[in-house]
Amino acid sequence: MKYSVKVDAFEGPLDLLLHLITSYEVDIYDIPVAAITEQYMNYIHTMQELKLDVASEYLVMAATLLAIKSKMLLPKQEVQDFDQQMEIEMDEDPREDLVRRLIEYRKFKQAAVGLKEKETARSMIFTREAMDLTYYESQEEDVNPVANVTIYDMLAAMQKIFTKKLEKAPRRTTIERQEIPIETRMKQIINDIRSSGRRKFSELFASSNREHLVVTFLAVLELMKTKDVTCEQENNFSEIFIYATKENEV
Amino acid sequence: MSRSAEHKAVIEGLIFVSGEEGIDKKQIADVLQITVASVEELLVELIQSYKSEERGMEIIEIAGSFQFVTKREHAAYYERLVSAPSHASLSQAALETLAIIAYKQPITRAEIEEVRGVKTEKPLQTLSTKGLITETGRAEGTGRAILYGTTKNFLEHFGLKSLQELPPLPEQVNDQSIEEEADLFFSKFQETME
Amino acid sequence: MSRSAEHKAVIEGLIFVSGEEGIDKKQIADVLQITVASVEELLVELIQSYKSEERGMEIIEIAGSFQFVTKREHAAYYERLVSAPSHASLSQAALETLAIIAYKQPITRAEIEEVRGVKTEKPLQTLSTKGLITETGRAEGTGRAILYGTTKNFLEHFGLKSLQELPPLPEQVNDQSIEEEADLFFSKFQETME
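Residue numbers (our numbering), protein chains in the order written: chain Y, 1 to 250; chain P, 251 to 444; chain C, 445 to 638.
Don't take each hint at face value.
Only pairs whose alpha carbons sit at most 16 angstroms apart, straight line, appear in this in silico EDC-like list of lysine to aspartate or glutamate [claimed, not checked]: (1) C:LYS515 - Y:ASP132; (2) C:LYS495 - P:GLU256; (3) C:LYS515 - C:GLU498; (4) P:LYS402 - Y:ASP228; (5) Y:LYS116 - P:GLU415.
It should be emphasised that the hints constitute simulated quantities derived from the structure, not laboratory data.
All chains, full assembly: derive it from the sequences and hints.
Quick look at the structure:
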């Protein structure tokens, strides 16, 4: 069985199902439940093989899909009528509830895209702080210096600063999270290749840890640059083999 | 200077001093001691003059307040000056949650999770911390679950005049056309089968 | 739009976003990637256009930096704006600064600016004038920077008996929500488990 894992963030089982429905170009109002269920299960199995925690919602959806599939396999009891179409329409389609949920979810997924566009447009315009107008205030003695301002406005201001700081922060976090030094991974890879003569490129990426995947990829690139390894590929999209070039130390 | 030319100049100054906080028509009318209708008229002219000329800023309305902002087509220049992005973008989870709240407010967490099909505690927390949503009350019935709604900050984050400016939900315009497409697909399919 | 007209528009926008700190010719030249001489030429035109027309602001040069200010002849209107009952007496900048001092006192100006990410001279001056903050001492070490703290006046006006009565700070922004933003595939799956 051939399947591919799309390393992407699905926002839940409904999102995954929508993805499958779109990629297999099937009609959302007439989902081929058997085929889609198989793809869905493949995905879940892959996740489990990669030792990822599969969220309970994904498993609930798997059970729902299997239930729908079996209901649809049940033989229809009514006599073969001339107007068969009528019978089917009057019968409740076991997929109905799922289709309704998918369409409802898809609506808001699209709305989120709309919001994203607005957000991007907004991020391209700049403004400035309000001007300090203290100069224009009357200098009378008994004027309340904090008129129309409460302690909670102050708290809100503090919160705004934190939000600003948070907004600046993410750019750094992903880079700082490098817990496996590339040098270490380079040594591991070169030792690995030497012991076996050659390695399939894909074998180096057995780990499910995203950071590990990234570090491995960078390590291979670095090893190629330092000419410690060479890569060969017979045809487009065929397996890439990695060979050690030198026997001396890394 | 004519009376109305001076008023227009003052409106420009008032919007300018209000900065990112903006100023609404009523406040402008109070300062100028003229009617809101007159303010509106002058505002239209002022906004137009910034649009038509070769200007660096323009006046936009966000959440009912008018403010100056730089023009979008010049964004690249300001990015050179300001290192940090003026607005960090929200994650997909947060955007989906926010979309559901924006269109269906007031809404409970359970109702949001029903639509998304996943737990939504964390995105809700992020959105609250960023001041984009707030508790607007309690649902009737047992449990009296918290109801969520969007804030003024939400309008500001997305540069919206009001909630009415949200693009219509696909359902309201599209559902029919999706069905039509499906019908079309089937009729074609049947044709090829025959 | 001609090249120089666009440059002039961007200069206008740059002066605008630079706020009360202003921007100098060299910075403008760097952003536009043109010579300082060209900037000077365009600046003269821009300043002139604000002077000759019926405008609410004008561009002034202070210590080599250019900034927008309101026109003196409109002062009466701004006085009316600040005396309006709805007008908040503290700007967002002043509020932020006051909040930081209230929660982190004693604190130096450099530390406040570190948190806010912008210059804070003017808000500090405003808060001092209003009697809400005061110098409480000098920091140890080189420079012996001024330490700021809130005053008794501050407590009185906000109706607090003591600093202990300040409401607790919003939950500190933590790494967790940052990870949520980082949009990692795997953390997403785990998140839905919670």
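When you check the alpha-carbon spacing of C:LYS515 and Y:ASP132, does it fall within 16 angstroms?
Judged against 16 angstroms, a Cα distance of about 15 angstroms means the pair holds.
Keeping to a limit of 16 angstroms between CA atoms, is the pair of P:LYS402 and Y:ASP228 held or broken?
58 angstroms, violated
Going straight from one Cα to the other, do C:LYS495 and P:GLU256 come out at no more than 16 angstroms?
14 angstroms, holds
Can you confirm whether the C-alpha distance between C:LYS515 and C:GLU498 stays at or below 16 angstroms?
Holds - the C-alpha atoms of C:GLU498 and C:LYS515 are around 10 angstroms apart, at most 16 angstroms.
Given the hinted pair Y:LYS116 and P:GLU415, is their alpha-carbon gap at most 16 angstroms?
Holds. Y:LYS116 to P:GLU415 sits at ~15 angstroms (cutoff 16 angstroms).
Hint check: a violation occurs at hint 4 only; the rest are consistent with the structure.
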